[in-house]
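Kindly produce the complete structure, drawing on both the sequences and the hints.
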Amino acid sequence: DAIKELVEIIGGKYFEVAIGLETANDDVADVSINKGNTFGEFIRASNIIKEAGANVKTYLLFKPIFLSERDAIEDVKESIKKAVPYTDTFSINVTNIQKGTTYERLWEKGEYRTPWLWSVVEILEWTKENFPEKRILSDPVGAGSKRGPHNCGECDKAVAKAIREFSNTQNLEFLKKVKHDCLKEWDYIVSEGILDWQLQTW
1 DAIKELVEII
11 GGKYFEVAIG
21 LETANDDVAD
31 VSINKGNTFG
41 EFIRASNIIK
51 EAGANVKTYL
61 LFKPIFLSER
71 DAIEDVKESI
81 KKAVPYTDTF
91 SINVTNIQKG
101 TTYERLWEKG
111 EYRTPWLWSV
121 VEILEWTKEN
131 FPEKRILSDP
141 VGAGSKRGPH
151 NCGECDKAVA
161 KAIREFSNTQ
171 NLEFLKKVKH
181 DCLKEWDYIV
191 SEGILDWQLQ
201 TW
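Sequential numbering of the sequence shown, starting at 1, is according to this note's numbering.
Please note that the accuracy of each hint is not assured.
[Stated by the list, open to error] Here are the computed distance ranges between Cβ atoms for each label pair:
1) K176 with N37: 33 to 43 Å
2) N34 with D139: 20 to 30 Å
3) E133 with R44: 15 to 25 Å
4) I194 with I9: 48 to 58 Å
Please keep in mind that the hints were generated in silico from the structure rather than gathered at the bench.
We put the CB at the ideal spot given by N, CA and C, even for glycine.
What follows is the structure in structure tokens.
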């Protein structure tokens, strides 16, 4: 009822209600994210929002703990495929290291690496190419820092800028034009499914 009232108040303007799905995999949600909500509950909430005349913005978490880089990419892609019928806009929240968290403890032991920015580029490109009618956004907080998503350190600013420019425009050219030698290292890590504890992290 509250959503219907808001839709009526704004008088036909575009209106989104955000839902923090994080992942469509209930096992990942339980073990890696410690979130009690299920994908079924997300579907029900989305349907209520749609029936009220509003649009749905779905938040997904990229690279929760206990997932390799490859598994984290696949988790987001699978989540997007499942959530597409119920979503107008996807927003990819990229993990970073906050003090006093399990992420920090694993990171300090060398058992967790914050996401590669190339992975974010891969997710954005894949989503836009497969579901061009959907908006897909990401703002990688702390990009280029030790505790934030990063590549090799040399290309981080350029890649983060391209991600933000794409998010603002939905123009894939911003993502396709960024290149750096470390892309080969990222591709190897992802293709081989290398685990974080097998890497020397920084």
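Evaluated hints:
1. K176 with N37: 33 to 43 Å: This hint holds: roughly 35 Å between Cβ atoms.
2. N34 with D139: 20 to 30 Å: 23 Å, holds
3. E133 with R44: 15 to 25 Å: 23 Å, holds
4. I194 with I9: 48 to 58 Å: 51 Å, holds
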